[in-house]
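The numbering of the sequence shown is the working numbering, which starts it at 38 and goes up by one.
Hints in this document: simulated from the structure, not taken from any laboratory.
Values in this document were obtained by computation on a predicted structure and should not be read as measured data.
Among the clues, some could well be false.
Mimicking SDA-like on lysine to any residue, the simulated pairs with C-alpha atoms at most 25 Å apart in a straight line are [as the list claims (entries may be wrong)]:
(1) LYS99 <-> VAL86
(2) LYS99 <-> PRO85
(3) LYS45 <-> ALA55
(4) LYS45 <-> THR56
Simulated DEER-style distance windows between Cβ atoms [claimed, not checked]:
(5) GLN51 <-> ILE88: 34 to 40 Å
(6) GLY94 <-> VAL70: 17 to 23 Å
(7) ALA75 <-> ARG54: 47 to 53 Å
(8) THR58 <-> TRP83: 33 to 39 Å
(9) GLU49 <-> VAL93: 39 to 45 Å
Heads up, the beta-carbon is just placed ideally off N, CA and C, and yes, glycines get one too.
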Amino acid sequence: MTVNLPEKTYTETQLTRATVTSRVIGWLQGGAVVLGGAILLRFLGWIPVIIGLVVVGWVLMKLLSRSKNQKDEDEQ
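Could you build the full structure based on these sequences and the hints that come with them?
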């Protein structure tokens, strides 16, 4: 399957600007996550945050690691 799109050539200035812009956006997103986490921690305290992390970890573990019986049943 071929794509019939024209070939786009970018200038060095455009590539540099895109690189700088993506870094700035990444720093802003990281700062927003840290600020949001700090605000959440300030309002809720440590105990609910730790309980939430444990629950999320448990759910991820259950989703990512299936038992051997489930794998055998899926193959049949």
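(request) Could you tell me which of the hints above the structure violates, numbers in ascending order? (result) 5, 7
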